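J.: Read off the chains here:
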Amino acid sequence: MGLIDRMLGTAAKHHDSEASCWVPPGQTVEIAGRTISGGLIYLGHELQPVIDAYWLEVEPALIDPSLPVAARAAPTPDNHFALSYLTLAAADRAAYLDWLAGERRIGDAGPFFHLYFAGLERRLVLGQQAAPDPEGEWRTILAELNRLSSETTESERGLEVGIARLISFLESLVVAHGSTAFEPPREKVGWETPLVLRLHFGRLAEAGEPLPAEWALSWVLTSTESYLRTPAERCPEEFEQLFATRYEERFGEGMSLPTSGQKVQLSYRTANHGLPSLSESTGLPDVVDATSVVEPLRGLALSCCAELDAYSRCLGRSPEARGTFQAAALLPAPLLRSAEFPQLAALEALLAEVTAGEPPWVIDAGALIEIWAGEEAKLAKKEAIAMAQLVEKLGCGIEPDPRFGGPAPAAGSPAVLFRAGSSDPKSPSPAYAAASLLLHLLAAVAAVDGSISPEEEEHLDRHMEEVVDLYEGERERMRAHTQWLTRSKPKFAGLRKKLEPLDDGQRRSIAHSVVAIAASDGDVPPEEVKVLTKVFELLGLDPDGVYAEVHAVTVGDREGEPVVVRPGGEVPDGHAIPAQHRGLDHAAVEEKIEETALVSSLLAEIFDDPETAPEPAAVGAANGQPSEVGNAGPTGLETAHLDFARELAQRASWSRLEVEALAARTGLLVDGALEAVNDAAFETCDAPFAEGEDPIEIDAEVAKEMLP
Amino acid sequence: MSPSEKIRPRERDAILQSLSAGVVPRIGQQHIQVGRAQEVKALVGDIERIGEDGSAIRFVIGEYGSGKTFFLQLIRSVALEKRLVTAHADLTPDRRLHATGGQARALYAELMRNLATRSKPEGGAMSSVVERFVSLARAEAERSGVSSELMIGERLSSLHEMVGGYDFARVIAAYCNGYESGNDTLQSDAIRWLRGEFATKTDARQALGVRTIVDDANVYDQLKLLARFVRLAEYGGLFVCLDELVNVYKLASAQARKSNYEQILRILNDTLTGGDGIGFLLGGTPDFLMDTRKGLYSYEALQSRLAENQFAREGIVDYSGPVLRLANLSPEDLFVLLQNIRNVHASGNPDGCAIPDEGIEAFMTHCSEKVGEAHFRTPRSSVKAFVNLLAVVDQNPQIEWGDLVGEVELDEERNPDLQPLEPGSEGDSDADDELATFRI
Numbered sequence: 000m001g002l003i004d005r006m007l008g009t010a011a012k013h014h015d016s017e018a019s020c021w022v023p024p025g026q027t028v029e030i031a032g033r034t035i036s037g038g039l040i041y042l043g044h045e046l047q048p049v050i051d052a053y054w055l056e057v058e059p060a061l062i063d064p065s066l067p068v069a070a071r072a073a074p075t076p077d078n079h080f081a082l083s084y085l086t087l088a089a090a091d092r093a094a095y096l097d098w099l100a101g102e103r104r105i106g107d108a109g110p111f112f113h114l115y116f117a118g119l120e121r122r123l124v125l126g127q128q129a130a131p132d133p134e135g136e137w138r139t140i141l142a143e144l145n146r147l148s149s150e151t152t153e154s155e156r157g158l159e160v161g162i163a164r165l166i167s168f169l170e171s172l173v174v175a176h177g178s179t180a181f182e183p184p185r186e187k188v189g190w191e192t193p194l195v196l197r198l199h200f201g202r203l204a205e206a207g208e209p210l211p212a213e214w215a216l217s218w219v220l221t222s223t224e225s226y227l228r229t230p231a232e233r234c235p236e237e238f239e240q241l242f243a244t245r246y247e248e249r250f251g252e253g254m255s256l257p258t259s260g261q262k263v264q265l266s267y268r269t270a271n272h273g274l275p276s277l278s279e280s281t282g283l284p285d286v287v288d289a290t291s292v293v294e295p296l297r298g299l300a301l302s303c304c305a306e307l308d309a310y311s312r313c314l315g316r317s318p319e320a321r322g323t324f325q326a327a328a329l330l331p332a333p334l335l336r337s338a339e340f341p342q343l344a345a346l347e348a349l350l351a352e353v354t355a356g357e358p359p360w361v362i363d364a365g366a367l368i369e370i371w372a373g374e375e376a377k378l379a380k381k382e383a384i385a386m387a388q389l390v391e392k393l394g395c396g397i398e399p400d401p402r403f404g405g406p407a408p409a410a411g412s413p414a415v416l417f418r419a420g421s422s423d424p425k426s427p428s429p430a431y432a433a434a435s436l437l438l439h440l441l442a443a444v445a446a447v448d449g450s451i452s453p454e455e456e457e458h459l460d461r462h463m464e465e466v467v468d469l470y471e472g473e474r475e476r477m478r479a480h481t482q483w484l485t486r487s488k489p490k491f492a493g494l495r496k497k498l499e500p501l502d503d504g505q506r507r508s509i510a511h512s513v514v515a516i517a518a519s520d521g522d523v524p525p526e527e528v529k530v531l532t533k534v535f536e537l538l539g540l541d542p543d544g545v546y547a548e549v550h551a552v553t554v555g556d557r558e559g560e561p562v563v564v565r566p567g568g569e570v571p572d573g574h575a576i577p578a579q580h581r582g583l584d585h586a587a588v589e590e591k592i593e594e595t596a597l598v599s600s601l602l603a604e605i606f607d608d609p610e611t612a613p614e615p616a617a618v619g620a621a622n623g624q625p626s627e628v629g630n631a632g633p634t635g636l637e638t639a640h641l642d643f644a645r646e647l648a649q650r651a652s653w654s655r656l657e658v659e660a661l662a663a664r665t666g667l668l669v670d671g672a673l674e675a676v677n678d679a680a681f682e683t684c685d686a687p688f689a690e691g692e693d694p695i696e697i698d699a700e701v702a703k704e705m706l707p
Numbered sequence: 000m001s002p003s004e005k006i007r008p009r010e011r012d013a014i015l016q017s018l019s020a021g022v023v024p025r026i027g028q029q030h031i032q033v034g035r036a037q038e039v040k041a042l043v044g045d046i047e048r049i050g051e052d053g054s055a056i057r058f059v060i061g062e063y064g065s066g067k068t069f070f071l072q073l074i075r076s077v078a079l080e081k082r083l084v085t086a087h088a089d090l091t092p093d094r095r096l097h098a099t100g101g102q103a104r105a106l107y108a109e110l111m112r113n114l115a116t117r118s119k120p121e122g123g124a125m126s127s128v129v130e131r132f133v134s135l136a137r138a139e140a141e142r143s144g145v146s147s148e149l150m151i152g153e154r155l156s157s158l159h160e161m162v163g164g165y166d167f168a169r170v171i172a173a174y175c176n177g178y179e180s181g182n183d184t185l186q187s188d189a190i191r192w193l194r195g196e197f198a199t200k201t202d203a204r205q206a207l208g209v210r211t212i213v214d215d216a217n218v219y220d221q222l223k224l225l226a227r228f229v230r231l232a233e234y235g236g237l238f239v240c241l242d243e244l245v246n247v248y249k250l251a252s253a254q255a256r257k258s259n260y261e262q263i264l265r266i267l268n269d270t271l272t273g274g275d276g277i278g279f280l281l282g283g284t285p286d287f288l289m290d291t292r293k294g295l296y297s298y299e300a301l302q303s304r305l306a307e308n309q310f311a312r313e314g315i316v317d318y319s320g321p322v323l324r325l326a327n328l329s330p331e332d333l334f335v336l337l338q339n340i341r342n343v344h345a346s347g348n349p350d351g352c353a354i355p356d357e358g359i360e361a362f363m364t365h366c367s368e369k370v371g372e373a374h375f376r377t378p379r380s381s382v383k384a385f386v387n388l389l390a391v392v393d394q395n396p397q398i399e400w401g402d403l404v405g406e407v408e409l410d411e412e413r414n415p416d417l418q419p420l421e422p423g424s425e426g427d428s429d430a431d432d433e434l435a436t437f438r439i
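In order, the protein sequences belong to chains A and B. Anchor point for the first sequence: position 265 equals 264 in numbering that gives the first Met the number 0, and the numbering is continuous, going up by one each time. Anchor point for the second sequence: position 398 equals 397 in numbering that gives the first Met the number 0, and the numbering is continuous, going up by one each time.
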């Protein structure tokens, strides 16, 4: 093939000794009483290194049979890093020869692997001229390298990378010299982007061809610039499938590559220090690190990782969940379709059946829950969210939906379906949150007398239609929400009781926001004032306060200040024509809505169905014992954090997911808890307690000092 | 550094690995820092001021190889030690302070990827910061018997008065909400928003119900919000390190340069006049600062603010001005540096040193014979070679250091700023920028 000769230039002079010293595979030789049958070594008295250096006279890999060899190998080699056979101690030479005579397992080679590898390297470089069958020999040596690489374990990672670099270089040479039959690389080799990838991108760029999806994926999997996250590793098949889909959606045939840039440089730094470093410049542009390649591909890969996050974390928490319907439900829509589950078919059938009729599409939530979770009558919030997300991927929204402030659907109570696109909001906008709060209050007021009358229902509907500033898709949900609200017969009987613990200030701020929301459409008609009066009563406030409040809100909320009748200065001649209609000041609306954010969280809690109410945010109360907040331990850590730290101190290393589970058990946020514990560690021992992202490692000394 | 100081294995490995790869270590810089006591003192003062709700800005100016990046990282680690949150990024043609094509957001995203706290010095600390805030608020909520949601809302209310504060607060609230309801998607979307990874407003609105995203126009406002937020999470403040400012100087378009200098002026004015717990440290070369045609001095308003104290010259230095000049290392500095590296290699144990002081001297002599005086000016390759030498001596106790010193090979050190620009790189794209503004 002669691919390397040009890079080397000086190869010819080594011709003779090269041919006589090389022991081809299959030829058996005897050295110092050991029978070596595997070949692939240099044996002889004289073989010059390729480079001309005064300090190196003999090829490092050459086994000179005249050098003394001990009868037995030393139990542990004297050398950490064998530079050449010549400089080995006699006992080490024995060890090396024993290894060559044996099965040549990489795990047993120790420091001598380098010598063997140096010989293979040299032969690959020089054998092209000397060998009788260069191509066959090239393949044999490649096969040997692959065998060695396949035997490496975690502790031989460095060797594996070294071998992979050489293989990658050889492949790239073949490719550079015309071969087109090769697969896109899919594995990272050490810390370099594979040369083959560089070459192929260069070719496509030069030819002005688009980048096919499989090569884009190859870039994502092997480039040092792609910053892949866990989901791509934990669920590679799903990631690849999703990436291919999204790539096609975005780029069609493929994205186009830039055509200028430095040229691809094929280079390899040899491990054999008797060889020079090899390098050759190709005429192809090196575009794999160009911004116009990196940014879009990295962005796409990261967004695919984000889409798979929920699924990946589910698998991380419980690997046995793979293949279950609940896990598959977390997959992004395009992958979901390809999964086959009877539940999925049943759910699709149900949705199709219900939505075939006239809206509103009201069903018993039990039907959905049965498909989702079997017999369970009640879903936890988390599950309800997962179910809502799944239904959404099938083109429908559900009300109630915990993501939008509703309770989890329960069997026997109604659920309202509506059409929802994949681009509909996944989280309420402030306008939506405020509007649904008011709807709740209005429904509450309407239901005070026991039931919601048709007129009251109509009023709710009207109010809902008048809500301004909703995002696209939110109106549909709002409609469904109103339907659900009137049908679910909300139990407002206990409302007064729930409002009792609120202090006067809180009641007033609720009242204020309710009025503000009611007035946000620029007008408070008499029937609304009537309802507001009832709200005030419900809140235990003086109903007459409504008028003052409504007035204050509509004139611009200048608390207590006199109202400007006419600005000072010259009195204008004549009369101004009164403004027809005070248009909406969107900024003001926005501001009012913002004001209500606090109140709405307060109310959300009040309205929450007690059965589905989340556990009170109990820092440290998770173990059933009252937390001793404020009663911090010697390290300044609170009880929950101390427990968390003690638990962690049991082991030297944890996977990230284990720590997440541990934090969840103690009712803590994992990163926040680690931060707090580390902070305490810095204060007491000036060193961190836990380090690393995944795995997380615990410093035993710090732990001992911190947690006596 | 005193030789007896203990060096943790993690720090030792990080330092040696980085040095042998020719890059600045991200942790443990204090173990090898040489001299520059006055400069460090000035910056420590800045950091303390930031921790007391003040603010600071400094331009660290030095020639190629004078150790700007190292100095920046050193100060960053001091800031972490003083309980500040730090963020750092290199400016590149695709990461700028001001832009209209996404390059400013790219800079912000890079800063956020590198967001670090004392316990996460290597970056990726966004969720740590957010969760610390949430944890504190929840504990406080429990103490006062209100819901955590309410407490979080109340604590965040001080952000509302700032530009973009509502959405920022809402995103934090969404994170808590996602945690409470077990909604992983919502949590990760919130973090992505905070890290500036949302590219369109539509996506953000859909995922989080907010109207805005971090974009080119509001990067600085977001940094100010973040500075306020980290103090709500009971950190000292935010410390932002921007390196390679020469990339602004190298922008081909005069308009693009001017806009970037305007942004710097805005930061400078803000930080010099008022405090909000935020500090900036900017690293650049002398031409970036002083070139009156293309550098910072080409922008009149900056020139007058940055001009050096007229009494400070010829060895008299004013460390209170916004510009700090780093001198190149002297041979003596380099000697101490190599000594320190040797100590790190021996994990701080003076008996474990692989090479005696004479060895270091011999090594330096060899280096200066090989590459001349450049070896002091840009010590990167000498340091790299020295770390490798230590490794070989350590692993091969039978070899005498004297035999090896003579064989040390040094990589040729080239100043990338002096390299000709590749066609199609930054120069071209900026020409495009300019043309784009004329498109009809």
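Calculated directly from the structure, the hints in this document are not laboratory data. Errors might be hidden in some of the hints.
[Said to hold, decoys possible] The following label-pair restraints were derived from C-beta to C-beta distances:
(1) B:401 / A:288: 49 to 57 Å
(2) B:368 / A:208: 25 to 33 Å
(3) B:47 / A:252: 56 to 64 Å
(4) B:40 / A:104: 36 to 44 Å
(5) B:285 / A:699: 28 to 36 Å
(6) A:422 / B:101: 16 to 24 Å
(7) A:508 / B:80: 37 to 45 Å
(8) B:200 / A:320: 55 to 63 Å
(9) A:157 / B:80: 49 to 57 Å
[What the hints assert, rightly or not] Below, simulated BS3-like cross-link-like pairs (lysine-lysine); rule was C-alpha separation at most 27 Å, straight line:
(10) B:249 / B:293
(11) B:249 / B:5
(12) B:40 / B:5
(13) A:262 / B:249
(14) B:249 / A:187
(15) B:249 / A:703
(16) B:5 / A:703
(17) A:262 / A:380
(18) A:392 / B:200
(19) B:81 / B:40
(20) B:369 / B:383
(21) A:381 / A:392
(22) B:383 / B:293
(23) B:200 / B:249
(24) A:392 / A:377
[As the list claims (entries may be wrong)] Here are some chain A residues the structure puts well away from chain B; computed CB gaps all over 10 Å:
(25) 146
(26) 667
(27) 680
Just so it is clear, the structure is predicted and the values come from calculations on it, not from any experiment. All residues carry an ideal CB built from backbone N, CA and C; glycine is no exception.
J.: Next step is simple, just say for each hint if it's right about the structure.
T.: Hints versus structure:
1. B:401 / A:288: 49 to 57 Å: 42 Å, violated
2. B:368 / A:208: 25 to 33 Å: At roughly 52 Å between Cβ atoms, residue 208 of chain A and residue 368 of chain B fall outside 25 to 33 Å, so the hint is violated.
3. B:47 / A:252: 56 to 64 Å: Once the Cβ atoms are compared, 58 Å apart, the range 56 to 64 Å for residue 252 of chain A and residue 47 of chain B holds.
4. B:40 / A:104: 36 to 44 Å: Given a distance of about 58 Å, which is not inside 36 to 44 Å, the answer is violated.
5. B:285 / A:699: 28 to 36 Å: 49 Å, violated
6. A:422 / B:101: 16 to 24 Å: Between residue 422 of chain A and residue 101 of chain B, where Cβ atoms are some 22 Å apart, the hint holds.
7. A:508 / B:80: 37 to 45 Å: Check passed, 43 Å falls within 37 to 45 Å.
8. B:200 / A:320: 55 to 63 Å: Between residue 200 of chain B and residue 320 of chain A, where Cβ atoms are some 35 Å apart, the hint is violated.
9. A:157 / B:80: 49 to 57 Å: This hint is violated: roughly 34 Å between Cβ atoms.
10. B:249 / B:293: Roughly 8 Å between the alpha carbons, so the hint for residue 249 of chain B and residue 293 of chain B holds.
11. B:249 / B:5: 43 Å, violated
12. B:40 / B:5: 23 Å, holds
13. A:262 / B:249: Holds: residue 262 of chain A and residue 249 of chain B sit about 23 Å apart, inside 27 Å.
14. B:249 / A:187: 34 Å, violated
15. B:249 / A:703: Violated: residue 249 of chain B and residue 703 of chain A sit about 53 Å apart, past 27 Å.
16. B:5 / A:703: 18 Å, holds
17. A:262 / A:380: Judged against 27 Å, a Cα distance of about 56 Å means the pair is violated.
18. A:392 / B:200: Given that 27 Å is the threshold and the Cα spacing comes to 21 Å, the pair holds.
19. B:81 / B:40: With Cα atoms ~14 Å apart, residue 81 of chain B and residue 40 of chain B stay inside 27 Å; holds.
20. B:369 / B:383: 15 Å, holds
21. A:381 / A:392: 17 Å, holds
22. B:383 / B:293: The hint is violated at about 34 Å.
23. B:200 / B:249: 32 Å, violated
24. A:392 / A:377: Cα-Cα ~22 Å, so holds.
25. 146: Holds, because the least Cβ-Cβ distance between residue 146 of chain A and chain B comes to about 28 Å, which exceeds 10 Å.
26. 667: The claim is violated: residue 667 of chain A sits with its nearest Cβ about 7 Å from chain B, within 10 Å.
27. 680: 8 Å, violated
The structure fails to meet hints 1, 2, 4, 5, 8, 9, 11, 14, 15, 17, 22, 23, 26, 27 from the earlier list, while all remaining hints are met.
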